[in-house]
Amino acid sequence: MKLKHTLVALSALMAASPALAAEGEITIWADATRQPAVEAFQADHPEIKVNLVVDDGSSGASGTFQTKIGLADQAGEGWPDVVFSTQNNDAAWASKEINGVQPFAQVLNEGFLDQAFLDGFTPGALDPVTIDGKVYGLRNDLAPVLFWYNKTLLEQFGYEAPKTWEAYQALGDKLAAEHPGYFLGAIGDSFEGPYVYYWSGQAPIFQVEGEKFKSDTSHPDAAKVSALIDHMVANKTLTLDSLFGASFVASADKLVAIPGAAWYAGALFQNPGGVNAKAGDWVAAEPLYWEGKDKVTGNVGGGVWYASSHTASPEAVKTFLQYIVSNEKTAGTGGLPAYKAAADAWLEAQASSGFYAGDFKAAISTAAASVWNGWGYPNFSPETAWAKVITPGLAAGKTMADLSAEWQQEMKNEAQVVGYTVD
Amino acid sequence: MTSLDQNAVRPLTGGLRPRNGSVEKAQGRMGLIFVSAYTLFLVVFGILPSLYAVYLAFTKKGAFVGIDNFIKVFKDYRFLPAVEHVGVFLIVWLVGLVFFVVLLALVVHSIGIRWLSSSMRFLYYIPGALAGASSVMLWLFVLDPTVSPVGFILQAFGITSLVSAVQADRLPLVLAVIAFWTGAGGWIVVMYGALNNISKDVIEAARVDGAGPVRIAWSIQIPLMRKWIAYMVVLSFAGGTQLFVEPRVLSQASRGVVSQDYSLNQLAFLYAFKQSDFNGSAAISLLLLVVAVVLSVVFVFRGGLFERA
Chain A
-10 MKLKHTLVAL SALMAASPAL AAEGEITIWA DATRQPAVEA FQADHPEIKV NLVVDDGSSG
50 ASGTFQTKIG LADQAGEGWP DVVFSTQNND AAWASKEING VQPFAQVLNE GFLDQAFLDG
110 FTPGALDPVT IDGKVYGLRN DLAPVLFWYN KTLLEQFGYE APKTWEAYQA LGDKLAAEHP
170 GYFLGAIGDS FEGPYVYYWS GQAPIFQVEG EKFKSDTSHP DAAKVSALID HMVANKTLTL
230 DSLFGASFVA SADKLVAIPG AAWYAGALFQ NPGGVNAKAG DWVAAEPLYW EGKDKVTGNV
290 GGGVWYASSH TASPEAVKTF LQYIVSNEKT AGTGGLPAYK AAADAWLEAQ ASSGFYAGDF
350 KAAISTAAAS VWNGWGYPNF SPETAWAKVI TPGLAAGKTM ADLSAEWQQE MKNEAQVVGY
410 TVD
Chain B
-7 MTSLDQNAVR PLTGGLRPRN GSVEKAQGRM GLIFVSAYTL FLVVFGILPS LYAVYLAFTK
53 KGAFVGIDNF IKVFKDYRFL PAVEHVGVFL IVWLVGLVFF VVLLALVVHS IGIRWLSSSM
113 RFLYYIPGAL AGASSVMLWL FVLDPTVSPV GFILQAFGIT SLVSAVQADR LPLVLAVIAF
173 WTGAGGWIVV MYGALNNISK DVIEAARVDG AGPVRIAWSI QIPLMRKWIA YMVVLSFAGG
233 TQLFVEPRVL SQASRGVVSQ DYSLNQLAFL YAFKQSDFNG SAAISLLLLV VAVVLSVVFV
293 FRGGLFERA
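These protein sequence lines are chains A and B, in that order.
For the first sequence, my numbering begins at -10 and goes up steadily by one.
For the second sequence, my numbering begins at -7 and goes up steadily by one.
Hint data in this document are derived by calculation from the structure and do not stem from the laboratory.
There could be a bad hint or two in this list.
[As the list claims (entries may be wrong)] Taking lysine to any residue and the SDA-like style, the derived pairs with C-alpha atoms no more than 20 Å apart in a straight line are:
# : chain 1 : residue 1 : chain 2 : residue 2
1 : A       : LYS243    : B       : VAL237
2 : A       : LYS387    : B       : VAL237
3 : A       : LYS225    : A       : ALA156
4 : B       : LYS52     : A       : VAL407
5 : A       : LYS201    : B       : ASP161
6 : A       : LYS57     : B       : VAL237
7 : B       : LYS52     : A       : LYS201
[Unchecked claim] A short, non-exhaustive set of chain B residues, derived as facing chain A with CB atoms under 7 Å:
#  : residue
8  : ARG106
9  : SER110
10 : VAL155
Remember, predicted model here, so these are calculated numbers, not experimental data.
C-beta: ideal position from N, C-alpha, C; glycine also.
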């Protein structure tokens, strides 16, 4: 299987071989996390001059990408050749003509890149960037939500690792009673609530049908998630700290388990500035499910590379795009690469390093194949509404039950502002 | 001068007059040269963009649409909250600014020890040398209790995280403190200069009449500083309505807890770059301009800015 994928990747590279000789100058906008991968490209392709502009990668739905393209559109110049975004929903605007300017995103299938190369992506990986059969971007990494737990701590406390959300909540009760201070996750960033909990919990709070946006935070499946969060915030097994904040890092040795994305591997556990886990302590397990419900999970980003339709060096852009998603050394930039051959290599390397206990490869593969497809990718993010309504609300002692109606309204308002119809 | 001298000079006066005129002319020319650079920038970066905004605000895709853009903006659910945010911030900030700047200027002015007074003025001025965004960065550290050097003060107010420090009801105060810290120093120096302009005789006379420092400040110094205070209010008001950098940086740092649509200028920004609606954006900008101009006119005439002393 792996050989086949490698062959596909190789043939894709061979087919693109004229592009390998491409010369030219390209401007790339990407965040600091992507910088080493871009620098690796520069080292391997000295014939292409790269101007890397480091920005925030639009993280937290800051809108940097769209803002700067809007400015370039208005000016009629200044477009980059390649852009990286941590968000999955940019295709919604980048695929459209705006104020009479051609869509920014280059259609990548239909001849721009070889279909054989595009077929090398993990099935479903390009769904968030595919509109009406046109592929507008290449996924950098897949970010399915799985369940991470500290095997050593659980064994020490004599607990079983939960497999369902119900068991996860019950574990929280035991932990709060018997080992106060230890905790099971965080909800202080704007992405965890929507993607890790509501998306994984199959809550229909962020859906798009054509030009219609739907959100129902009072749906039973959403209310269940809200109740879980409220329960665990109340007994302090869910912290309101940000995963990347000083106070989370200071208490990271009390983290017993956490549902979270595949990229937590590099960004959190193997990060000296994060959890800084000891080899062999942590297990990547299959995602948590609700008892008796579909075995589905959520997805937290997994950035996207876009090519500019304005580029003057399309061959250099092609060379770069193929390299950045499939080069086994850097693809995925710390997470699970979206390109299958690179993903297999990454999983193999992770498994053989023995850093994670348990069947790392199986857990991630299962998670990657079970992302719930009921979640929408409209031209705005649930994160802004979460940050505006929920984060300060929870910090002020309110509950999801108090806040979810307001949150829903804020999302609907945002949807309306960018042109969706709502109920 | 003796009369002899005057007589001696008289024949020359006919010849001097044009020379006097040419001095005035030369000064006028110099003035024009000094002003021209400013005027050029004003036209290129102030007047032309404003005219472009007027054009954009009343059109849509190049066609005249009357006040449609304004109506759309008024109906936007984010508009009134943004007006309220900016309004509350302006009140808190301007009142604080006037009070503390005048007070601190009076205090510094009354310090008799020269080196102390001048080093105080220098200290006040330093934060003003930092650009807006970088001073907000500094405040991010001050406001986050986990890393703040004055974390214990924040904790005493029940603030345990950056999120609670920038919560909606505290935000006007937080923004006002940041704005005061960056902007007030320069104004204190200006006010100090204004105080220096007040004739010592007047103060001396008041003192002889038995007025203490408070009475002198209230009845003589502050009324004589009226123009400068009005000047400060006009400029600060114009700057304050354009609140943008502080909430924008706080928004990114607090991962969106300070919303991206907090102030009117941010809303205009979102209109232009999130919704690609430059017409709506121009409508908001124009509203800001009208409000700032109207209130500035009030302060200019009330404050007697154009009266000759």
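Comparing the hints with the structure gives:
1. Between the alpha carbons of LYS243/A and VAL237/B the distance comes to roughly 38 Å, so the proposed pair goes past 20 Å and is violated.
2. Distance hint between LYS387/A and VAL237/B is unfulfilled; the C-alpha atoms sit about 30 Å from each other, more than 20 Å.
3. At roughly 16 Å between alpha-carbon atoms, LYS225/A and ALA156/A fall within 20 Å of each other, so this suggested pair holds.
4. Between the alpha carbons of LYS52/B and VAL407/A the distance comes to roughly 17 Å, so the proposed pair stays at or under 20 Å and holds.
5. Taken as a hint, the LYS201/A and ASP161/B pair is broken in the structure, with Cα atoms around 34 Å apart against an allowance of 20 Å.
6. For the hint linking LYS57/A to VAL237/B, the alpha-carbon distance of about 17 Å falls within 20 Å, and the restraint holds.
7. Proximity of LYS52/B to LYS201/A is assessed by CA-CA distance (about 25 Å); at most 20 Å being required, the pair is judged violated.
8. With its C-beta approaching chain A no nearer than about 45 Å, ARG106/B sits outside the 7 Å limit, and its interface hint is violated.
9. For SER110/B, the interface hint is violated, the least distance from its beta-carbon to any beta-carbon of chain A being 40 Å, above 7 Å.
10. Given hint, VAL155/B at the interface with chain A, holds; its Cβ is 5 Å from that chain's nearest Cβ, closer than 7 Å.
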